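**Student:** Just so you know, the sequences run in chain order A and B. Going letter by letter, the first sequence gives residues 2 to 878 in our numbering. Going letter by letter, the second sequence gives residues 118 to 311 in our numbering.
Read the hints as simulated data drawn from the structure, not as lab findings. A few of these clues could be false.
[Stated by the list, open to error] Below, in silico cross-link-like pairs of lysine to any residue (SDA-like), each with a Cα-Cα straight-line distance of 20 angstroms or less:
1) 10/A with 24/A
2) 3/A with 303/B
3) 3/A with 249/B
4) 290/B with 56/A
Source: prediction; values computed, not measured.
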Amino acid sequence: MKARWAEIKAVFETVFELPTTDRARALAGAEIDPWVRGQVERLLAASDAGAGVLDQPAIAGLPPLGDSSPSPKLLGRTLGPYRVVREIGRGGMGTVYEAVRTDPEFEHRVAIKTLRLGLDVPELVTQFRQERQILGALQHPNIAALLDGGVTEDGVPYIVLEYVDGVPIDRYCETNRIGLRSRLDLFRQVLDAVQYAHRQLIIHRDIKPSNILVTGDGHVKLLDFGIARLIRADGREMTQQGTSAITPAYASPEQLRGERATTATDVYSLALVLYRLLTGKSPLNEGLVTPVELLGALATGRLPAPSTDPTPAAAAAMGVGSTERLKSLLAGELDAVILKGLRPEPERRYSSVEAFADDLLRYLKGFPVSARPDTAWYRFSKFVRRRRGMVVGLVAAAVALTVGTGVAVWQASRAAAEARRASKIATFLQQMIGATAPLASLEAPRLGPGAKLAEWVDSAAGRIDSVTAGDPEINVVLHHLLGLAYQSQERPAEAAAQFDAMASRAGPIFGPGSADLVVWSFRAAQAIEAGNWPLADSLSRRVERSIAEMDPTRPDAYGRLLIQFGMVEAGPWRRFVADLATSTLLQRALIMSGRGEVAAAVAATRRALAVAESAGASVPTRAQAMGRLGFLLLNVGGDRVEGTRLLQQALRAVDSLPNPDVAARAEVIQALVSTRSVSIPEADSLGRELVRIYERATGPNSLAVAYHLFLGGGPARIRGDTLAQRTALTRARRIVEAHPNPPTALRQNVAIEYSRTKWLAGDMDSAVAIAGQVYRERVGQGGFSMAEAGQNFSSVLRIRGERNSTTRAADYRAALPILLEADSVMRSLLPAEHFWPQLTAASLVRLARDRNDEPMASRFLALLPDSARRRFDRPKP
Amino acid sequence: MEGHPDAATVTDLLIELQQGRPGALDRLVPVVYAELRAIAAQYLQGDRGAATLQPTALVNELYFKLVDQRRTDWATRGHFFATAAILMRRLIIDHARAALALKRGGGKLVTLDEQADIGIADTPAELLRVDEALAELAEFDPRQAKVVEMRFFGGLTNELIAESLGISVATVKRDWVMARAWLATELGNPSAGC
């Protein structure tokens with residue numbers, strides 16, 4: 002064999018090059034020694050067949066290795082109060098056991114983990130204890146708690162951990178077919194836990210799916226927090242014990258390079274976990290790449306974006322329909338967020354887990370993520386999309402009047418017009434803002450450094466007419482768009498000018514009065530903001546009538562135009578019309594409640610919900626109707642149970658969307674806060690988030706910021722954080738007072754809430770002055786608004802009287818008629834068991850007692866339910 | 118993770134090895150082997166999840182732990198992986214021998230008996246036969262034997278083997294096909310059809 006190997010090899014390699022079918026013939030025809038031929042035939046046969054053990058790496062054929070270092074046999078033994086009952090598993094760091102703690106009162110399961118390191122060095126024992134104490138301080142619902150720890154008699158250190166009955170997060174998502182949004186929600190629990198630990202200055206160092214368990218009820222538990230650090234208390238000793246604390250597949254480049262781990266290291270591993278959760282795979286071809294490739298890929302940061310190649314299995318498990326659909330869901334923002342976490346340079350990743358979590362939340366709520374090139378246009382386009390409800394309403398209103406007018410003519414010239422229109426838009430955008438992308442894609446054009454959105458809008462407004470000369474259709478669309486832009490910047494005068502221009506030019510093209518609806522809707526919204534109810538009412542009635550005349554079966558001329566430009570989401574026209582009808586009814590209800598017609602408002606909102614359901618409105622619109630009705634029932638009269646149920650239903654509906662409308666969600670959450678159905682921390686953090694986002698989107702002194710500061714005051718007050726409440730409301734008030742033209746309702750509501758902070762701060766004179774001012778403004782309006790302000794004013798007066806003997810008599814005297822009137826108004830508007838009549842009655846009991854008028858006190862006491870009455874059982878001394 | 122205490126030494130030794138300094142290999146082997154054993158133990162115990170049976174991952178980890186990549190080039194890497202493959206082979210054979218001894222001595226490796234019961238090949242014994250046959254192959258075709266060692270025992274990819282041995286990937290593939298066929302006939306694998 003050895004002697005003729007070269008000969009055999011030459012023949013084998015030549016023949017092997019040939020297609021399988023030709024080999025036998027070639028070999029038979031070759032002029033070679035028969036023995037060599039025989040050898041080659043044998044080899045060819047062997048190469049075609051399986052070669053058994055050779056066909057997988059040698060190491061795979063080995064049976065599991067026994068624990069090479071002396072492993073303590075703990076089964077059946079008792080460690081302190083724990084009895085070891087079962088071995089759960091073995092790892093590089095040691096063995097994990099299940100144990101039970103038997104106490105007289107209760108028995109519970111724990112996990113005991115032995116650490117395979119020889120603690121024969123006294124300093125190491127000390128260090129182990131110190132580390133254990135630090136980890137023991139980690140108390141978080143998403144972190145498996147370190148309960149205890151010690152050293153066995155034979156010197157083996159162990160730790161006692163909370164027993165977690167769960168499965169790794171990736172497997173959990175797979176087997177339970179968890180959807181995209183719910184995966185993100187699960188992952189946010191992980192972020193929350195890591196964020197918490199980082200605040201305690203503890204780095205996990207080994208975040209991977211097998212360390213993140215999810216329990217049967219969907220609760221996330223992180224394991225082995227900081228154990229990596231514990232294990233490596235002394236680098237040299239530990240490594241010689243064979244304990245590697247990292248998992249290459251989830252290790253960061255700096256870990257692979259052997260550098261120190263920081264919080265950025267955890268950010269990296271977290272991003273890898275998220276990558277896997279959303280794509281079903283790792284960006285690195287685990288275990289099958291050479292180190293050169295691995296490090297190369299990591300160092301250049303050229304990891305494939307998650308949307309590049311998600312697995313069909315992941316798409317199926319998420320129920321998104323197809324891999325293509327999953328790709329499109331991941332493309333863009335989720336790609337950007339994950340890749341930012343995976344940047345090779347630690348300093349270019351998210352600066353903290355909190356920033357990571359913030360961005361994900363932003364994504365979930367439809368706000369721009371920070372991980373994306375942050376141009377003004379991008380922010381603006383997100384903003385417009387977010388306010389789609391509003392945009393849709395205005396746009397659809399414009400569409401309404403075109404039915405049957407000029408449609409045929411328009412259609413005839415459509416083909417030619419389309420081409421012109423597209424190039425015109427592109428040219429316009431190019432000239433305005435240097436963009437090449439069509440408007441419909443809403444892609445980010447590059448603005449010059451320091452350019453502000455406001456300047457861009459102004460400059461565009463100044464040039465619309467010259468740029469679109471000869472193309473009146475585009476001219477109309479652009480005026481419309483700029484009107485929305487100004488509206489989003491809270492510049493109503495400029496917005497009005499754009500809508501006026503649009504209306505005057507649209508008539509000749511799309512038929513008489515075709516864009517009037519846009520203007521009516523816009524003006525109705527303005528009238529609502531200004532509290533001009535009669536005007537708002539007449540405008541919205543007009544809009545309502547026009548919508549009723551719309552053809553729900555097909556889009557008309559202006560509708561098609563807007564769909565084409567991406568200003569309206571393409572979708573079934575019927576749904577679009579249903580959305581519009583619902584929104585208009587909700588607007589009508591808003592006007593009614595503004596006028597104090599509470600019962601009518603509730604009825605109109607019910608009608609809106611019914612229309613939404615029967616006509617097939619979109620989920621956000623249905624949720625909005627549900628939320629509004631729930632809110633009304635809870636706050637101005639009606640069935641509290643039904644109200645709460647509706648709000649929770651609305652929240653579920655909003656949350657079921659891949660990109661829920663943040664305004665809708667905020668509205669529902671704030672309403673839920675008033676019923677205590679949502680946790681205060683959640684409402685609180687949401688409120689703060691909204692303030693931050695609006696600060697950036699609309700400026701720190703915008704009305705939107707004031708509004709959300711005002712709303713955020715509620716949770717702060719319920720929580721008893723009067724300082725936070727005062728800070729928020731003081732700022733809200735400053736913004737509103739400095740604004741040239743603030744909406745009346747907002748200004749007054751802020752003032753009412755602000756007077757309460759003054760009262761809580763003990764500044765009764767200011768409280769009385771502010772509350773009195775609002776009351777006097779609302780006297781003319783009558784109805785609920787007046788009664789609400791009256792209740793507040795009289796309470797403030799009464800409390801000042803209680804505290805100040807010089808004003809007491811006058812305060813009590815002034816408070817009584819106001820409160821009596823407020824009570825009778827509330828009683829006429831609302832059922833007796835409702836919050837407001839009860840509040841006014843309770844206020845009257847207090848005032849009567851303060852005035853030593855016990856007969857009157859008993860009269861109103863009788864109106865209160867038992868639970869409330871008990872608080873008044875003993876007359877005040 | 119802080120740098121491995123031996124990283125500087127290993128890197129120095131690799132550079133010396135590459136420069137042909139005598140004794141470098143002798144000093145390199147114990148350090149690398151100790152670490153390899155430690156890592157392999159974890160893989161064999163299944164602590165690395167899905168990566169359990171991926172020796173490439175194992176050697177990669179070894180490389181990242183022991184070699185300062187800032188001071189090394191492709192030639193150093195080649196030496197490292199060639200060395201690692203030798204050591205992997207030694208480690209696996211040692212382990213297979215231990216497993217076999219345990220089995221024969223009625224030891225506690227229950228898994229082996231169970232495998233025998235259900236007719237699964239006695240892999241540790243087969244591994245030992247591969248090792249012996251490979252030693253024979255090395256006598257008349259050292260390069261093919263090296264390729265088998267790196268691929269089968271070291272778990273390295275064709276690309277990395279090509280890089281380490283300074284040959285083309287196509288040559289690696291050809292060598293592997295023939296050596297595998299020859300080994301199969303030598304092992305008398307029933308499926309080899311002899």
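**Student:** Of the numbered hints stated earlier in the document, which are not met by this structure?
**Tutor:** none
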